[in-house]
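Got chain A sorted already, so can you dock chains B, C and D onto it with the hints?
Chains as they are written, first to last, in our numbering: chain A, 1 to 133; chain B, 1 to 133; chain C, 1 to 133; chain D, 1 to 133.
To be clear, the hints were calculated from the coordinates, so they are not data collected in a lab.
One-sided excerpt, in silico: chain C residues whose CB lies under 10 Å from chain A:
| # | residue |
| --- | --- |
| 1 | Ser36 |
| 2 | Ala39 |
| 3 | Asp40 |
| 4 | Met43 |
| 5 | Cys44 |
| 6 | Glu46 |
| 7 | Val48 |
| 8 | Ala49 |
| 9 | Arg52 |
| 10 | Ile55 |
| 11 | Arg56 |
| 12 | Leu59 |
Quick reminder that beta carbons are idealized off the backbone N, C-alpha and C, glycines included.
There are 4 protein chains.
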Amino acid sequence: MPPASDVLRTHPHQPSTMDLIIACVETCADCARACSACADACMCEEGVAELRECIRLNLDCADVCASTGAVVSRLTRPHRAPMKALLQACIEACNTCSEVCASHANMHSHCRACAEVCRHCERACVALLKAIP
Amino acid sequence: MPPASDVLRTHPHQPSTMDLIIACVETCADCARACSACADACMCEEGVAELRECIRLNLDCADVCASTGAVVSRLTRPHRAPMKALLQACIEACNTCSEVCASHANMHSHCRACAEVCRHCERACVALLKAIP
Amino acid sequence: MPPASDVLRTHPHQPSTMDLIIACVETCADCARACSACADACMCEEGVAELRECIRLNLDCADVCASTGAVVSRLTRPHRAPMKALLQACIEACNTCSEVCASHANMHSHCRACAEVCRHCERACVALLKAIP
Amino acid sequence: MPPASDVLRTHPHQPSTMDLIIACVETCADCARACSACADACMCEEGVAELRECIRLNLDCADVCASTGAVVSRLTRPHRAPMKALLQACIEACNTCSEVCASHANMHSHCRACAEVCRHCERACVALLKAIP
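Excised from the complex, chain A in its bound form (with noise of 0.2 Å):
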């Protein structure tokens, strides 16, 4: 599969901080990915009645992660406050939705493997947020 990062990679603009920008944005299409997939999952299960806060919140992670992969993936003309804001709540939205999915990772396998996905995807939105000055 050709990697959807060399497009990344042949942008006219290449900012010293690509190796993170490309982190971020991948971690984040990983992370709209598993919780779309894990809210599904968790539909899917007998105790779903039990699964809706942990549902609402991949829903949630999901759509912020799907919006900062795309802010973050744009290198024309970028403003900081608004960056450094949606990171945050990137941030927030990871955070809280990896601590309730890991709160019933023994249960459930497909809660397990998303709380780890939203833990690196938190990391590599701290991780650039820290290198924006």
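Chains B, C and D in isolation, oriented as in the chain A frame:
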């Protein structure tokens, strides 16, 4: 046209902030639509090369408003920290986009219209954010 | 509230089908919003386990309507084949979601409201699709 | 990085087409990312005015791939008609975007990379579409 807000008005949960939630969800949907259309309109202008910053911020604002509207419309087991961080990110996105659109409102009517919609959305997000304890 | 359609009305391109385009873009935004809220409302119901099919179709319809609205709102250099295929996909999504929502409209007012919004959106997509040569 | 596909691999439903589903979901996420980045890269080029068609198709393809990936990743109570129509729409979007990107692949490396990712995604959608009865 049957109003989409009827679905929220008949939701099993009716939080005390429902009017603010509906106003925020509606303006986020409007703003996502306006920003997406403004990006496209800017791209058709002769002076597209001068409008790169505006297009980029339009696309960002459309993405952030879409996810904010979706998250705010969920009433199941909300968590305050990620909700507040996302509203803050939406406020920043709307404010930045509105300012840049307004700066060439004299030249492009679509930017003037978009700047107003963004400002309206920003206010709806601020109002809801203040109402969250 | 300043109408988001002002941005389309002041777009440099004004195709002869503009009224149909605006109607389609507006109902897609409404339908995305209604379906996302209906999924959340269903999830809060006691009988959530019986509503899995409805929630899934709601989420699908919200996703398809969001992308259809965005694509239809772009007036720059449109291509007919992908536009028509996407409108067809949106018609199918709205029709399926509307039917399933309508099937338990007696039990849940949010499903009745959502079924109507979906049907309205389906019609707007059909009207635009017919107008594309 | 923990793979997002682990969530699908541990989903309570494991349809016989799971490998095709995962391939489709992954390439849709990649393609959405590539197209969004290609639109931004095109916008930074000196000759942005010549790239309007490409940018527009990139944005369309990103939107359609994002919704297709989300819908395909849901395994709860799927309906064939809307799924097939959406895959068809994604095939059209990827094919059109790939052709236009490939037409100036010699001038812009990001368009060459994007054209390849689109073609790959198109094939994954075709493969899944064929496997749905």
